[in-house]
Amino acid sequence: MTGSPLIEVEDLRIDLDDGSRRVAAAEGVSFRIDRGETFGLVGESGCGKSITALALIGLLRPPLSIGGGVIRFEGKEIQHLSAAGQRELRGNRIAMIFQEPMTALNPVSPVGRQIAEMFVLHKGKSWREANQLAIEALASVRVPAPERRVNDYPHQLSGGMRQRVMIAIALACGPDLLIADEPTTALDVTVQAEIIELMRNLCAERGTAILMISHDLGLVANVCRRVAVMYAGRIVEERGSADIFRAPSHPYTQGLVASLPRLGSRAALGRTRLKEIAGVVPAITGFPNGCRFNPRCAQATDICRTVAPQTDVLEAGGFVRCYHHA
Amino acid sequence: MKLRANLVIGGSLFALAIIVGLLAPWLAHTDPVMDANLMNAEEPPSWTWWFGTDGQGRDIYSRVLYGARVSLTVGIVSQLINSVIGVALGLSAGYFGGWWDDVVNALTNLMLAIPSLIFALAIMAVLGPGLTSLLIALGLTNWSFTCRLARASALSLRNQGYVQAATVLGYGDLRIMITQLLPNMLGPIVVIGTLGMGSAVLSEAALSFLGLGVRPPFPSWGSMLSEARDQITTAPWLSLFPGLAIFLTVLGLNLLGDGLRDILDPHSRSRRT
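Line by line, the protein sequences give chains A and B.
Read in our numbering, the first sequence has 173 at position 173, and its numbers run on one by one without any break.
Read in our numbering, the second sequence has 155 at position 155, and its numbers run on one by one without any break.
The hints are all genuine.
Simulated restraints, written as ranges between beta carbons of each label pair:
#1 B:Gly97 x A:His80: 18 to 26 Å
#2 B:Ser12 x A:Glu136: 45 to 53 Å
#3 A:Ser65 x B:Ala125: 51 to 59 Å
#4 A:Glu88 x B:Asn159: 22 to 30 Å
Just so you know, the hints here were simulated from the structure itself, not pulled from any lab data.
Positions of the beta carbon are idealized from the N, C-alpha and C atoms, including for glycine.
The whole structure should be built from the sequences, with the hints applied where relevant.
Encoded structure:
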């Protein structure tokens, strides 16, 4: 089934209304994810990656709202769907894993019940069947002794275990798309690798597409086939994940890749300073004219400061939003 | 788990009151209403008359036992009505916010501004005395604290990760309120409810004392106190025992509320095996 588009986002704009005026927290966001594909959205805090995910799942809450653009799920526009229609999609067709496994589980409900609830809610199973399915779901995320663990409360589980439970809940109904918003940020590095591996394997088995959101370029490139880099509310570059490391095209991406420590490099050995991108991210209310990266860009010219660049399609595949791209 | 003294004492006192109320027909020595005998009027406590007798020669012990029925019925039922109203209004107001929150807030402030006993008096005046009107009057006038508490809990809980996660997982509003918010705020609600039961018992006594509660000759602790007022210097046991019953029941409920507050913390729940 790979190859047909599962979700398409076209020219999405997300408005932030601070009472007196509206500013675009994200604009011109376009991408598509095919069935069973893995797609990564990378950027620093506040660049608009998480709100893009929330827009996909219909969860933007005031002061944020969709200001324009189209979101298509299986060819049908979903951005103006009714509350009931959105509930139908959420959990059943599109699921999401959150950053904080500590707070994303209900503390007064046994984890088995929280998994079982998904089967009752979306698949119309009886509680009896659902409890059996919950044990199977826990086993599938490799929680040891699942028939005993279903009765545990979240506080009795470690962070890694809780994130496994979250994955079990998210994948319970066999969704077509799994949105993972910084799924491993709160975990140890060793547990991180296990969780990512588990998530990737389970999704591959079931043909679930992944939209992974992270600030960790290395992690995303490792998991995803394609990666989009966001900066200040715009996607600046979208490439195959191997290409983005080998030959980053946008100056921002170049800066990101250059600032990654590499094992054995002079910087990692402490002999030279790790490269950094000069300057700070502009505030959401004060985005510069033209290309939003221009104040921090070494290659910026006059046109960069006045007119925002359009997307250029790259020969090697992917696109970039820069006048001077490599 | 270590049993806490306040929980044990409070629970025992409350349980005692309930048992006494339920088993009154078997525990009582005489019928509380019919067995009046002027020959035995105003007998002090003795082996025959454990708590003494009143002006009509009725056994105070038996009347106190039967009085427990009224007090506890009023305490439990009216607080239950209060809790249901308070939680329904407060939870929905905190969860939905917007104009509904404003309406509920205004209503709560209105209720808090009027002394609840005066309000209950007014309702009783309209409905007339009797057990049913007592339940309605007290059940409609004391929900504002529960409402405030439920609203505040809902406000903080609705931003919790698991509530947002539930939304993402496709839960409807009602399901989120019932499965995610309610269980997480139940602890303080139960505590407030227990304490509220104590004050409902007191309110019942006050209203019956004023002659608006259960009609004589049927005994309630409040009406017994009211009748005993004239004889307080000559026959103090008439007011002592119903007063003691009220005191112990309210004390028990307050201790129970305290104890429940200590243990109703999800982190102290141990694993079920």
